[in-house]
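The primary structure of each chain is shown beneath.
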Amino acid sequence: MTATDNAVREGRRAGKGSAKTPRRRRVAQNRWLPYVLLAPAIIFELLVHVIPMLTGIGISFLKLNQFFLRNWVEAPFAGLSNYRYAIDVNGSIGKALLWSFAVTIAFTVLVVGISWVLGMFAAVMLQRSFRGRALLRTIFLIPYALPVYAAVIVWKFMLSRDNGMVNHLLAQLHITDGHTFWLIGNNAFASIVVVAVWRLWPFALLTLMAGMQSLPTDVYEAASVDGAGMWQQFRKLTLPMLRGINQVLILVLFLWTFNDFNVPYTLFSASIPKSADLISIHVYQSSFQNFNFGLGSAMSVLLLLFLLVVTGLYLLFTSRRSRRA
Amino acid sequence: MRESTSFKVIRVVGLALLTLFTLAPLYVMIVSGLKPLSDVQGAFSWIPSHVTLQPFVDIWRTIPLARYFSNSVIVSVSAAAFSVLIAIFASYAVSRWNFRGRRLFQITVLSTQMFPGILFLLPLYLIFVNIGQATGFALQGSRIGLIITYLTFSLPFSIWMLVGYFDTIPHGLDEAAKVDGAGPMRTLWSVVIPAAKPGIVAVGIYSFMTAWGETLFASVMTNDSSKTLAIGLREYSTQISVYWNQVMAASLVVSVPVVVGFLLLQRYLVQGLTAGAVK
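These protein sequences, in sequence, are chains A and B.
As numbered in full-length UniProt numbering, residues 1 to 325 make up the first sequence, in order.
As numbered in full-length UniProt numbering, residues 1 to 279 make up the second sequence, in order.
Next comes chain B alone, as it looks inside the complex:
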């Protein structure tokens, strides 16, 4: 098909502007992370006066970044793993059975998407405190409390997407497995899960990213030992000054694993969205 010249011009100019808009913060992040402190405390410059890796060394000493990092990893990975597992079971039930309360479950799960997070924050905080007082098991300030909270954040979207995905898997496959003598759980494990791999990976990425980026609950539900990166990174700012080069270096360090993982798996995310959400 032929494209007109004006269309090509619009495409080149438009996409170039969008690329600049997208990449500007990334450029600032990388280049400022390589600057000495005197550079970032004056007027901005596009090129560092001299390139130094010192900020990447200092970030681990100025604040306990390693601890925050491991907290974030533990919380996000656990939340994503549990969320995916629970969503698989729930979606399998919704997709393959017609049971009483099915519609109610779907509506409840979907509607939690629209609730402002702030609505749950205080009650959840109070409930966690109360559970702690009653049982001696401190959920508030612990990583477990945060894991439980985060896993439910991604759960509605995960269930919604996986139900869509499971529905696209022909039921003939289930039937075949059944003829071969497989029970429902066996069918789930050896037929449905393998066939739905892109959707499951997509849901896993989404859950992980939701947890990795969350700040509202982390700001209230953590203490010094359970603090995640989302809250910890603020500590590079003191009353007197901000170590902007370290902030940028740390932002880069916490971003790289997520971005690399995301870009490697984005194919699955697009596939997952196509089959699950877009139906």
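Excised from the complex, chain A in its bound form:
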């Protein structure tokens, strides 16, 4: 055992210069210990993620409604019919799903884009110290810290037509007459984008601030000696150096926003306006309000496939680009 250990240690010492030495440590001893350490994580992942996911795929092939809920294994087999309903854009179910999907894509692109821009702007502005910086940083992080339902309930109140602050403010500024419906009709889409951005951009700020702390300052000094302006420094230094962080950040923001349930559910309760019919709510209603669980599961599986493809393509594209760079 000692011999192997020494060999391992020697190997490590030899490779110490590079950070990415293949990890071959203590392979000889404690072969079982890593598995013991992993066991709790694996058990819970199996129980709450893996098994339910497989079950969900199974359910999507069943004709499962409330009558079979207690005894769902006996629900009749439906073949691919749930999927056929979900993707048949000539039928009402497929048409509604496609609409909901389109709304979600628009919502996600807008929310992620705006949140990233705001987060990046604030992170750059807060990069150098000035009086009040620490206070601002704290203020900006509050929306992220608030429990989502409490924050969104406040927005719901602010956006209500007759008692809301938004209409009052707009009327005081003579922008509108103060009687706009914000939570029903087409305006609901704008409302939910604003609320989601308000919640999400602080996370972009937090991540980008953390990233910027690790950037070397001497490069900036050299650049400004060479006469590079703020905009040039941002484009030529900050953006390229933050590329790795941005790739992860944008992926995470995308997945969170696309799958978001909390914000629309709290903002609209049971009556979701058509213009803001986000996909996770749509699937939830198909399953738990219309009691068509098989169809809901088929929709979830389709969503999962979509996310897998998008994430896969994104990772492929970004990793190839950074390899070339």
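Calculated directly from the structure, the hints in this document are not laboratory data.
Each hint should be verified, as a subset may be incorrect.
Said to hold, decoys possible - Chain A is faced by these chain B residues, among others (derived, beta-carbon under 10 Å):
(1) T52
(2) Q54
(3) A81
(4) S83
(5) L151
(6) P156
(7) R234
(8) V242
Said to hold, decoys possible - Pair by pair, the computed Cβ-Cβ distance ranges are:
(9) R103/B <-> G244/A: 53 to 63 Å
(10) P240/A <-> F7/B: 44 to 54 Å
(11) S190/B <-> T217/A: 31 to 41 Å
Unchecked claim - Coverage of chain B stretches by chain A, computed from C-beta distances (three or more under 8 Å per stretch; other residues unrestricted):
(12) 24-33
(13) 134-148
(14) 205-219
For each residue, glycine too, the CB sits at the ideal point set by N, CA and C.
Assemble the complex: chain A is given as a structure, and chain B must be docked to it using the hints.
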């Protein structure tokens, strides 16, 4: 370094607008919680007609807020504690050993991040119901079911972040502990955990907040006795009217502990992100 005047103007104006955007809901929350009911049922006003603390008294009587609050505390604290503990063990294994299946584990854990929560909801509900029927142990509607569910929500992110964090701790420290005769668990306890404190705190905050804010599973997995704040707060709305001043007061009450805790510990969160996620 000199900054141009136009840059300073952009900075002041931009940051001022962002501050207003950020703080507007907080202002509404606080000021409306101090208003009498007649004030919040009419048109909005920036200043209360008279300041009253009555909503903060009433919130506990209109709905069983105390029960929902304690449910939320029990569920979130337990979920965060277990999640951190399990993530520490798993991350230690991934960071310090090269074992068969290591890559598979990492990929599985990360990919659960992308799955829509709605995908697990119904199957998990059915599995919990079935376990209840088979064993008589009701997971559905109990706090334990919710704790188990929530702890896995934050687990992938926690493991991902802690592996990054543990990797930054020099292995020389492990070696030194080993020379002193410490076994792997002893090393974890007295070397790795102390050195990774910021990362562990960050992961703990994240897990707690995830559980404290969750509504999808809480809406299906709880019953009257296990309901959390996320669902309970809706009960201030009746068919006839909404007690908006109480809703705002209650929102403030449930937010304060989380926000204060977060702001006190945000330093760790930034450090944790820097070392763990940003690498």
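inquiry  = Can you verify the interface hint for T52/B: is its Cβ closer than 10 Å to any Cβ in chain A?
reply    = Check failed: Cβ of T52/B comes no nearer than 17 Å to chain A, outside 10 Å.
Hint check: 10 Å Cβ-Cβ cutoff, Q54/B to chain A = 18 Å, violated
query = Can we keep the L151/B interface hint, with Cβ of chain A closer than 10 Å?
reply = 6 Å, holds
query = Okay, the stretch 134-148 of chain B and chain A, do three or more residues pass the C-beta test at under 8 Å?
reply = It is violated: at least three residues are needed, and the stretch 134-148 of chain B offers just 1 whose Cβ sits closer than 8 Å to chain A.
Distance restraint evaluation - S190/B, T217/A, Cβ atoms, bounds 31 to 41 Å = 36 Å, holds
ask   = Quick one, is the P156/B hint okay against chain A at 10 Å, beta carbons?
value = 8 Å, holds
query = Against chain A, with CB atoms and a cut of 10 Å, does the hint on V242/B hold up?
reply = 8 Å, holds
request  = Establish whether the coverage given for the stretch 24-33 of chain B by chain A is satisfied; the threshold is a Cβ-Cβ distance below 8 Å, and no fewer than three residues must meet it.
outcome  = holds (count 6)
ask   = Taking a Cβ-Cβ distance under 8 Å as contact, does the stretch 205-219 of chain B have three or more residues in contact with chain A?
value = holds (count 7)
ask   = Do the beta carbons of P240/A and F7/B sit within 44 to 54 Å of each other?
value = 21 Å, violated
key: Satisfaction of the A81/B interface hint, Cβ to chain A closer than 10 Å   = Result: violated, 13 Å to nearest chain A Cβ.
task = Answer holds if the nearest beta-carbon of chain A is closer than 10 Å to that of R234/B; otherwise answer violated.
result = Status holds, d = 7 Å.
Against the hints set out earlier in the document, violations occur for numbers 1, 2, 3, 9, 10 and 13.
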